[in-house]
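Protein sequence lines correspond, in order, to chains A, B and C.
Taken in order, the first sequence gives residues 1 to 520; the numbers are from my numbering.
Taken in order, the second sequence gives residues 1 to 372; the numbers are from my numbering.
Taken in order, the third sequence gives residues 1 to 463; the numbers are from my numbering.
Since the hints were derived computationally from the structure, they do not count as laboratory data.
All residues carry an ideal CB built from backbone N, CA and C; glycine is no exception.
Treat each hint with caution, since some may be false.
To be verified - Label pairs and their calculated CB-CB ranges:
1. E49(C) - V256(A): 46 to 52 Å
2. G77(B) - D210(A): 49 to 55 Å
3. D210(A) - E346(B): 22 to 28 Å
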Amino acid sequence: MAKVKVRKNFQQARWNEPMIYELSTPGLRGIIPPIVEDEIEEKVGDVASKLPEGLRRKTSLDLPEVAQKQVLQHYLHLSQETMGANLANDISEGTCTMKYNPRFCETMVANPGFADIHPDQDPDTVQGMLKIYYDFEKVVKEVSGMDKFTLQPGGGNHAVYTAASLIRAYHESRGELEQRNEIITTIFSHPCDAACPATAGFKVITIWPDENGMPDYEAIKAAANEHTAAIFMTNPEDIGIYNVHADKIVEAIHAVGGLCFYDQANANAFLGVARAKEAGFDMCHFNVHKTFGTPHGGEGPACGAFGCKKELAKFLPVPTVEYDGEKYYLDYDKPESIGKVRQYIGQSAVVLKAYTWSMMMGADGLRECAEISVLNNNYMLSLMEKIPGVSHAFQGNGIVRQEQIRYSFQGLREKYDVGSDDMNCRMGDYGIPWFWSSHHPWVIPEPMTLEPCESYTKEDIEEYAKVVEIVAGEAAENPELLKNAPYNTGMHRRIHEEDLDNPDKWAVTWRAYKRKHGVE
Amino acid sequence: MKRLGFIVNPVAGIGGKVGLKGSDGETILKKALELGAVRESGRKALVTMKLLKEVESELEIYTWPGEMGEDVCREAGLQATVLGEIIKGHTTPEDTIRAAQMMKELKLDLILFVGGDGTARNIMDAVGTEAVVLGIPAGCKIHSGVYALNPKTAGQLMTQFVQGKVRETKLAEVMDIDEEKFREGVVQARLYGYLQIPNETKMVQNLKSGRGFSETVSIEMLSNYVADEMQDDVLYIVGTGSTTASIMKKLNLPNTLLGVDVVYNRQVIASDCTEKELLEIIPRYDKVKIIVTVIGGQGYVFGRGNQQISAEVIKRVGKENIIIAASKNKILSLFGSSLHVDTGNEEVNQMLCGYYRVIVGYGDIMMLPMSD
Amino acid sequence: MSGKQFVHPYIPNSEPVVKKQMLDAVGMESVEEIYKGIPDHLRFKGTMELPDPIISEYTCQRHVEGLLAQNRNAKSNICFLGGGTWNHYVPSVVDTIMERDEFLTCYVGDAYTDHGKFQALFESSSMLADLTGFEACNTPTYDWANAIAIACRMAERTTGRKEILVAGNMDPDRLLVVRNYCKPEMVVNTVAYDKETGLMDLEDLKAKLSDQTACVYFENPIYIGALEVNAAEICSIAKEAGALSMVGVDPTSLGILEAPAAYGADYAVGDLQPLGLHMSYGAGLGGFICTKDEKEFLGEYPSLLFGVCETQQEGEYGFGEVYYERTSYASREKGKDFIGTTTALHGIAAAVYMALMGPQGFKELGEGIVQRVAYVKEELAKIPGITIPVSGYSYCDFMVDFNGTGKTVKEINKALLEYNILGGKDISGIFPEYGQSALYSVTEVHTKEDLQALFDALKAICA
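Please model the entire structure based on the sequences and the hints provided.
Here it is in structure tokens:
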């Protein structure tokens, strides 16, 4: 049995690293581009100096001048000051499904048969790639029950925006777009379920949960009418409670002529267990970089797989990947398509990695991911419940949680005036990555949302709960310790945060920083 | 450098511990002191002022004599300029009003006061919304939104204010509690008016999804929306409150903050109407709507400051013609409970129960239940 | 679960003894008890029709490599495709940093435990700003197309106007993305261009500008293979009409081409791909938006902005999110955007690339490319039947007209495959006025031998 060890003397690398500009000495080079052959030089001469006057660069290019080792060293240092999920107990980032990102998948994308293919190549020359797209599409079709997918969106939000664009096109095709200018969503859904339709021009009606934490069915019925274009909902929502009314809600929306979109960012718990199709949804999406094991990249690259029933497939962005029995091809012949949401056909690296991961999992493996995720989460809850000062959303409603839970430190706030951010900072001193609190608004006060997905061991879970317990104990003894934490991570507690809000002080580039803060 | 006014109501909250509610009125006060009540508000204020010691060098404090502020400052070790005069041991609401008025004339950056709902009303009578104030709670039944959560958070907010970290202000409700009824166990609060308080917009880092909007922006956005959605040839009865005031401002119309105005085709046709006036106007129009906001900490839409929009008025206009608008933060503070209505008429209250679309931003609506 | 005989290496708690311990701890017999709350009719009763799992990593490697081997790639073929994704050299140091699990697998942690990520992205934004001449730059968005679209909405919010004018010869795929994103409120119209020079028709621009124009967008280099010589004038014409100007750039060209801020642009947008990202069948994209560090501009970014912040440790570079609450200049919060997971890791790759290259590297890169391109254009024009339809200098991309050969681009490209050459992009369907033309792209990776191979092949094919 592995041991549970809390990292009491943890110290993250803290290199006090200068800015890359501060490593600069004029004349240094990190790399030399290929030199033009003499024959070419002789034939055409110095073309750059012959370019039209107004186009030639006169503005000084003040990039740093650094030798190669020093560039490598600098970014290696910065890398060490970052806690990737592959090297940390990242149960922390709930809703993000921080599962293991297999190194094997990285090896596959380094293959020249992938890394060195151009997206404009004739489909006949990239049949292997198109097959991968087509076969991964089959995976998400099986998981969801939807008829057709596009892998073009570059992330979850992007897929939700694609849904909103599609809904707009659908109603427009029926001459009802002007009338249908509202969408319904819930307060625990991802903010993009409101923001994306709003961007697409819809009014947003937000529903609150009922006393059990599920979206209030009566409220949804009251909100649905002839102006309803669609409902955007997540299930389960970030608090981890499965919405048993899902199909009734779908019925209510369909009854008024609206469409139903299922935000499946939290799909990990239900692979092979429950599908969008059985609940009656018209569309759904997956965060491929969460559920299907591809890395998060510090916020991308990512892929939002968007799927729909066959009646809606004509609106999908172009091109879709098709198979004619002999070969794979790209179908641009979609006159009612919404156009494009991203250049080319999709985030191919994410698709390749997800395909690889899925092929290794198979149906049984996907199901196992789901089962172990929900078991891990419930085990975690059994430990967290015992910690004084820690509660969770809709505690005691008798409903079993699925794959994540929103905890609350409100108890600690009331007793010791210590909150979510303070806990977060101090937990970093034990080697725990920054936990995900909650989307705005924080209706559950002082939140922490955790998701111990299937990659974490029993010992990881126990270590995590132990750290929460220890830090909650520190809050009782010495709240100031938390308020000035962290002490052992790559960065100390921020001060003067109001400067980030002040146009005279803020700086998002080195140039702006130098100018405003009087640095040479 | 911030110039701060500091006023203590020495008898606020005095009744609480000895089982009396409130302390307004000489009789009650005398009774409380007989029962051995100790003046608490000074002690509560001390917690706040001690926190301010840390930013003393950036503060210039002006206060009132003796138990109305001078004593607390001394005990906290803070330098303060003492203004005015009192009769020690016999301070009255008039003293509070006089103090606040003088501080307003001095154009201080903020007036910090200690007390309860009564004190808040006094301050309001003195300065209206012309000064920025903040209350340290020391009453035993605080319904007004002008108070910090407790003396400690008041100190923290003040420190941030002094350091320039909090620059925004917002309007907060001052409530009027019927003291008699309260002693009988019935809470009936009415909107008395507004005070301007510092608005702390906490910068919460939220790297996955952005953030919510502040009060100011929420109200700005919903006002734009309501104004844009207003239809021609419809009579709008505009209720009391700072949110509806903001809507009227968007329309460039004059507005009665604590009164009900009537708008038609973007013109005010009657101001500060009584129930009778409303009932006379309504039948002259085919289409009538009511625009109201949410008042008080318990989410009252009718019954806490817009009594002019009576049960009868509501019946004539109809439930489906009620437009509710309130800032997102206001609505979110009700999370877990519902909107409330108390028109005084059981039947109408019942009729009004159900779900409502509450406008919280531009094209941004929350579906809330209403109960009585 | 069907009777699997092994514990999956990625799912440790599926080990039966461990699993039982955990079930006992939560008082359950099986995981089914967790799912029991899901109504029966919502349960999926079937099995997912997926191939049997490939449980050995080696076997899976054979499988996937087998598929990838079916792709013709730019290592074993000479690739002349560009136009939005380019074939540039990726330094080993960039790959090294990209492979590190820390950057690769982190996500939305705050700067306390992810300080390095913040600094790397701050440096990336800084260097992009240096290239473009601005002082503000976002954390990356999905790609160049989305950068344009987002910046259009930013312009709308800043000016309160709802019309966008774009160069008629911008990349059509990017235009599709922009059109979708600008709905429903904004109108996108195109400005005519000269067929022979590729340049924007300034008279048409002036005619189409109105007091409703929020922004004028053009690309430089121009998609069809020219340089927008009138860049400064376009910006000033726009400004006179009260509109903002936005230019789409190739960041690698800015070693030799003037910084957009210097010739009056209000925004510079583009893709990170040529800054150290492999082509990866269109995966290596990332969109940047550079603009002025003034609240009317910076305050309209929908994306995250990382700024420097002090910490309790003196002298430490802390980071936090710069947030300026928009107070609705346009007084309408329609056109509110969304932010989410985009392409942060690519921003870090770009930082490493830009730091390695430095100003000298970019200068030499640019000089070499324009030389090679000029050379290729000259040599191709010598081949009977082939002409260069757009005059002037080009950077990387240029059009080649095959109308005189009597063959279609499709036929020629198919024939080029025999020579292990991936020919230029078929433009005949996209810009029909050029007939059977293709967009070719030459970068620093093409040697003289590579180019000679192209000339010889085309000579043979077009004869």
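Each hint, compared with the structure:
{"no.": "1", "hint": "E49(C) - V256(A): 46 to 52 Å", "verdict": "violated (34 Å)"}
{"no.": "2", "hint": "G77(B) - D210(A): 49 to 55 Å", "verdict": "holds (53 Å)"}
{"no.": "3", "hint": "D210(A) - E346(B): 22 to 28 Å", "verdict": "holds (26 Å)"}
Hint check: a violation occurs at hint 1 only; the rest are consistent with the structure.
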